[in-house]
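As they're listed, the protein sequences go chains A and B. By the numbering used here, the letter at position 85 of the first sequence is numbered 1143, and the numbering carries on one by one without gaps. By the numbering used here, the letter at position 213 of the second sequence is numbered 403, and the numbering carries on one by one without gaps.
Calculated directly from the structure, the hints in this document are not laboratory data. Careful: at least some of the hints might be erroneous.
25 Å max Cα-Cα, derived SDA-like pairs, lysine to any residue [as the list claims (entries may be wrong)]:
1) A/K1212 / B/F843
2) B/K662 / B/Q633
3) A/K1280 / B/F843
4) B/K316 / B/K674
5) A/K1212 / B/T852
Quick list of simulated restraints, FRET-style, between CB atoms [claimed, not checked]:
6) B/P848 / A/L1184: 29 to 39 Å
7) A/Q1253 / B/L694: 32 to 42 Å
8) B/S818 / A/L1184: 24 to 34 Å
The beta-carbon is built from N, C-alpha and C at its ideal position, and this holds for glycine as well.
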Amino acid sequence: MASMADRSGIAENIRHAHPIVLLGALYATFTSLVNDPPTLLLQLLPVTIGIQIIHASTCLGNSGGSKVATASGNKKKAKSASKAKSEDMGSNVLAAFFSLFLALLIGTPAAFIVIVLLGAPITADLSHTVLCAAHLSVLAGLPLVYSYYVQGLKWRDIVSLNLPMDEVYGGALGACLGAWLGAVPIPLDWDRDWQRWPVTIVVGIYAGYAVGRLGGLALIGKVARFN
Amino acid sequence: MADVDDIFAHVPRRTASKWSKNGPGDLEDLAKATAAAKEEAEDRLFAAQKSKALMDQKAREFKISHSLVVLFFLWVAYTQLVGVYLFTRGFLLTRKVLEEKSECNVSPLGVGAYLGEQQDGCWHPKTFDKAVIVIIDALRYDFTVPQLDAKGVPSTEHYHNNFKTAYEIAVKNPENAFLVPFIADPPTTTLQRLKGLTTGTLPTFMDAGSNFAGTAIDEDNLIDQLNRTGKKIAFMGDDTWTALFPGYFDIEHPYESLNVWDLHTVDEGVLTHMFPLLHPDNSSSWDVMIGHFLGVDHAGHRYGPDHPAMAAKQKQMDVFVQDLIKAVDDNTLVVVMGDHGMDPKGDHGGESQLELEAALWMYSKKGVFGRVPGFEVPPKNAEERSVAQIDLVPTLALLLGLPIPYNNLGGPIPEAFVGPESDKWDNLAHVARLTSSQIENYQKSYAGVRDEDLNTETKTTKLWREAEEKLKVDPIQTTPDAWKATYETFLTHQKETLHVCKDLWARFDLTSMLLGIITLVSSVVSILIFARGISGDLKELTGWLAGRCFAGTAAGGLAGYAFHFSGVSGQGELKLALFGSAAGGLLAFFASTAAIHRRLQHIFPTSIFSVMALLFTVLQGVMFAANSFTIWEDRILTFFLTSFGAVAFCYSFRQEDPAMRTLGASQSIIFMVLTRVASFSRLCREEQMPYCESTYYASATSSVSSPLSLVLLCFIALAFPPIVKSYYAGTKSYEGPAQLYIGFALQFGLLFNAVYWTLDSADNGEWVDIPTASLKRAKHTIAQVVLALAFVAGNVFFAWAQPCLNIEIEEGPTATEAETTTTAAANKPNRSMILLGYANLHGSRSFLLPLTWYLGLALLQKPLGGASMAGLLWQILALLEIVDSNNLSDSPIGPVILAMLGSSYFFSTGHQATLSSIQWESVFIPTDAIRQPWSGLLFAGNEWGPQILATIAVPTLALWKQPAKEAGLMGKVVRVCATYVVYHATIATCTVLWAAHLRRHLMLYRVFSPRFMLGALVLLISDVLMVFVGVMSVRWNFLSVGEVFGLVN
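Next up, chain A with everything else stripped away, as it sits in the complex (with noise of 0.2 Å):
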C-alpha cells in the first residue's frame, strides 16, 4: 500500500509539474523560436512529446484522479490494481505512444486544415504551419486519445463539446482556444519580431493548455451550450 501511495504521490507531483515544465521549456527557447520558429518547433517537438507521454503514463488513467478513471473505463482501474508496478507502466508507455502515434497521424493534418482555413498561408511557410499543428495535436490530443482510446461516442462527444468537464479535455479545449486568441496579435503593426507566423499561435497553445487544464478543474462536470 505504501508503494500505491508513493506513486500517487509521485504521479501528483508530476500532474501539478507538467504544465510548469511545459511552459517552462517554451520560455527557455523562446529567443530561438522567435528567432527561427520551424527549427526550434522541431526541435521543441520531442521534448514536448517526452513531457506529454511521461504525464499520460503516470497521471493519467492510472491515478490522475475518478474522472480520468470513470472515463477511460473500469478495465484499466482493474488492471492497474491487480498487475505489478513495473508491467503497468510499460503497458502504460506503449498506450502513450500509441495516443501520440494517432494523434500525429490523425491530429496533425486536421489542425491542418483547420489554421488553413482560418486563414493561414498555404504557399509560403509551410513548414510553421506544419508543426504549429503537430504541438497542437500532442498537447490537445494525446491526453484525449490515452483516455479515450477511440471509443466512438466519446469522441462524438469530444468534438460536439458534449463531454463533462474535467482536466483532460479542459487542457484540450483551453490548447484551441488558445491558438485561436493566439491569431490577435499578428496583424498589429508593432513590427516586433514575435509577431512573426506562427509564434503568438505557439504560445497561446501552450498557455491555453496550462489555463485550460485548471479551468477544467473549475468547471469539472460541466458540459457547454450551444444554443
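Knowing the structure of chain A, use the given hints to seat chain B on it.
Chain B only, in chain A's frame:
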C-alpha cells in the same frame, strides 16, 4: 347576417341583368328562374363565400399588421439616418467660402505701390501675353523623367521612358523650360484638383463625393480674373471645366469625361481643336488656351499603368508636346501638367504618394526661367524637390499680369521669377511679398467672418510684419543675398499660413458630432432590446411600438424646432428638429418598453452561439479602433467566419438524427472551405503591402481581369445552377417557379453574364477584329437584358408567383410515406396525393428573391467578383441548412453570420474601405451615359453588391424549412431582421465612435474616415432594403402561401 346579405346582394342583380338582356321575356319565368338561382346559390355559395370572407379578413389583418412592421423598420431607418447625418455634418470638414475678389487696381501692398494698366500687368509687370495651359490627367512625375534601374538600364515598364521631350528640353535649355514634381492636396479627384489649381486654396473633405456633379466655383479664381481683365479663353477637353466655369469660355469644346473605357475621344477632340487656334491667323481669337487630356488617366483606370495602351498614350502626348512647342510664338507661356498621379493600379482619389505626385512643366521660347541653387536638372523625385499645386495660381497670375485670386494660399514658383541667370532675387522677393500680402488680406477677412479677435497678433501675421519691416529698414537692398533672405522670410510666412489653415479647416463641430453619436448609440440599444430583449411573439407588439415611436418622433421634431427659437443652442433649426425627432422617437420607444416590462428578458448570452454572435459583433466593433485591424479587416472576417463554421461543425455532432447530423456537418465543411476559397479573391490596399498579393486583376499594376477569372466565370455559369437546384431538391421544392428561376433565369442569365465579360475582355485585349462600336453595342444589349431579367422580370414575377409546390397523384396499394408527403383522402382508397415541396414551403419561395438579385448584382462585378458572388449565394444556402439542421433559427448567430458574409464578400469582390478602390467604371456596364438615378443605383450595386444580397436573404433565414403553418412565424422574421440591423448598426456606430475619438490621428483620412463612411452607408442601405425589399418580400410570400393553405399569424 349583414355580411352574408351583402355577399348575396349582387347575385340576383347579376342574374336579372343577364335575363333582361334576352329581351322582355316572360316575367313569371324570370321570377322563377331568379328564385331558383337564388336558392341554388344560397346553398352552394354560402359555404364557399363564408370561408372566402374569412380568408379575406385574415389577409386584411395580415396586411395591416405587416404594414405596421414595415412602419417600425421605417422608424429605425429614419432614426439611424438622422444619427448619421448629424454626425457627418460635424465630422466632415467644411470651409467658409469668401466671395471677395481681388481687384486689378487695388494692390495688396496698399496705396503707393506699383499699379500697372491691365495690358502691362496689374500688380506686377507681366512676363507673357498669352498662355497655353495643358492638363494631361494623371501625369505622374515618374512618367516624365528617365527611369533607370540599379544598373543604369532604362526601365522596361510600359509607363516609363515614353514622355521624354519635356525632360530633354528642361535639361538642354534650362532658360526655356523647367520640370518639377507637382504635389496635389488630397483628395486626388479631378474636380477637386481643378478647384485647387484655379483658386489656390485647399479642398475640404466635404467636397470629395461631388465628382459626379460638378458645381460652379463661386470663389475668386484664375479663370474669373482672366475674364475680368478682358482676356479671351479657349477651352477644349474634360467637361468638368465647363461644369465648374459655366459661361466663362469664349470658345469651348467640352467632352464627356467619366467614361473611362473611352481612351481617345477626348484626346482627339483636344488635338483637333487646339492646333487650328494656334495658327497665327487665329491668334487674336484667344489669349489663354486650356486643353485637358484624359487618355492617360483612362488608360490607367481601364488597364492599369503597365499596359501597352499606356505606353501608346504617353507617346502620343510626347508627340503632342513637340508639336505644341513648334506652334507657339515667343510671347506665349506653355504649361503642361498633371492634376494628380495614379496608384500602382492606375486609380486615384486617395492620398498615397504616387497619387499625389503629378508633374509640372513650364516652357517658353523667351528664355526667362531660372533654377533654384542645387537643382539645375529636374529632380529625380518629389523627395528631392517639389512644388505644391496651389503654387501655380500666384505664379500664373503674376506671369500673365493678373491680380492674385483672393483666397490663394500658394506661393510663387521660384524658377519662374528668378531669371535665366538665377540671380533676380529682388524680383522673386517682390512677387513673394505681393503673394504674402494678399494672403494676409485673406486671413484678416476670414478671421472677421469667424468673429475672431482681430487685435491679438497671430504667429503668421508676426512673420509677415517682420518681413515687411526688413524691407523698410533697407528699402534699396543691393546684395542678392539680402533679397534672398527677404524672399525666404516671405516664404516662411506662406508656409506657416498654409499650415495654420490646414489645421483650422480640420476643426470639427463637436456638438453636432455628439448629437449624432447619442442618436446612433440609443438607436443601437433600442433595436437590440427590440430584437433580443422581448419575449414572445414580436409581431403583435411591433405595430403598437411603431405607433408610439412615430408619435414620439413627430412630437420631438416639433419640440426641437421650437427649441431653436429659445436661442440656447447655436445649432441650426434643421439639426435641432432632426435631433428632437430622433430623441422623441427613442424616448417613446424606451417608455413603451418600460410599460411592457413583464415581457422583457435579459439579453446576456448564455450559450456558445449567442456568445459567438455577441463576440463577433463586439470584437469587430472594437477592432476598428486600431488602424492595423481595420486594414486587415478582410482576413479577420475570414477568421471569424471559419471559426463559426468550425463550431457549427462540432455542434452538428450533437444532433441525434443521423441525417441532420450529416447535413449539418457537411454544410459546415462547405461553409468553411468556401470562406477560405473566397478569401483568395482580393484587392490589397496600399497599407497591406508587402504582406498581401492582389488577385482581383491580372497583375498588381493592372485594372484588367485575368483570363483565368473569365474561365472561372464560364465554369460557374454551367456548374452553379445545379448546385442551387440541389438545395431545392432535398425537400422536393424544385417545382413551379423554382424551375423557372433556377432552370431558366439563373441558367441563361449566368451564360449571358459570361458572354458579357468575354466580350469585354475581347474588347480590352483586342482579341478579335470587330469594331469597338459594335462590340460595345453588343455588350450593352446583353447587360441590359440580364439586368431587366434580374431586377424587373425577377421582382415582378416574384410578387405573383405561386409557392414552389407540385401535386403528384400516385396510384398504388400503398401510400408513399416520404417525409415531404401529406396523404389526403382521395376518392379511391388506394390513390394518394403527394404534395411536393411542402417541407420548405416558405423558404423555397422567399429564396427566389435573393436568387434573382444575385443574377443582376453578379453582372455588375468584374468576372472574379461575379464568381465570388456565386460563392456568397452558396454560402448563404449552406448557412440556411446549418441554421435549420441545428435548430438555430431563434439564435442571433444566423443573422450575424449572414451580415458578416456580406461584409466579407465586399472584399472578395475587389473592394476595400478606400476611395481609390471604388470601381466607378461599373456605371458604364449597361450604357454609355450617366443618367441618374440609374447610374447611382448601378454604382451602389457594384460597391455594396454582397451586402445587398445578404440583406435580401435575411427573411429567408427565419423561413427556411420552417413548418408551413407554424404560429408566430412572422414574429420570427421580424426578430431575425431586427437582429441583422443590430449588427450593422453596431458596426457603423463603432466606426463613428472611433472616427470621432481618433479625429486627430495621422491615419484619419486614410483609414478611419473611409471606414466610417463605409459603415454608415452600409447601415443605411441595409436599413432601407430591409424596409422595401426584405420585409416586403415577406408580405408577398406569406400571402402567396396563404392563398393555398390559409394564412397563419
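Range hint compliance [Cβ, B/P848 to A/L1184, 29 to 39 Å]: Once the Cβ atoms are compared, 36 Å apart, the range 29 to 39 Å for A/L1184 and B/P848 holds.
field: Pair hint outcome, B/K316 versus B/K674 [Cα-Cα no greater than 25 Å]
entry: holds, 21 Å
query: Is A/K1212 within 25 Å of B/F843, Cα to Cα?
result: Status holds; Cα separation ~11 Å.
message: Please verify whether A/K1212 and B/T852 have alpha carbons no more than 25 Å apart.
response: With Cα atoms ~18 Å apart, A/K1212 and B/T852 stay inside 25 Å; holds.
- request: Take the C-beta atom of A/Q1253 and the C-beta atom of B/L694, compute their distance, and say whether it sits inside 32 to 42 Å.
  value: Once the Cβ atoms are compared, 39 Å apart, the range 32 to 42 Å for B/L694 and A/Q1253 holds.
query: Within a Cα-Cα threshold of 25 Å, do A/K1280 and B/F843 meet the stated pairing?
result: It holds: about 18 Å lies between the C-alpha atoms, which stays within 25 Å.
task: Using the Cβ atoms, figure out if B/S818 sits within 24 to 34 Å of A/L1184.
output: holds, 25 Å
message: Given the hinted pair B/K662 and B/Q633, is their Cα-Cα distance within 25 Å?
response: holds, 23 Å
Violated hints for the displayed structure: none, as all numbered hints are satisfied.
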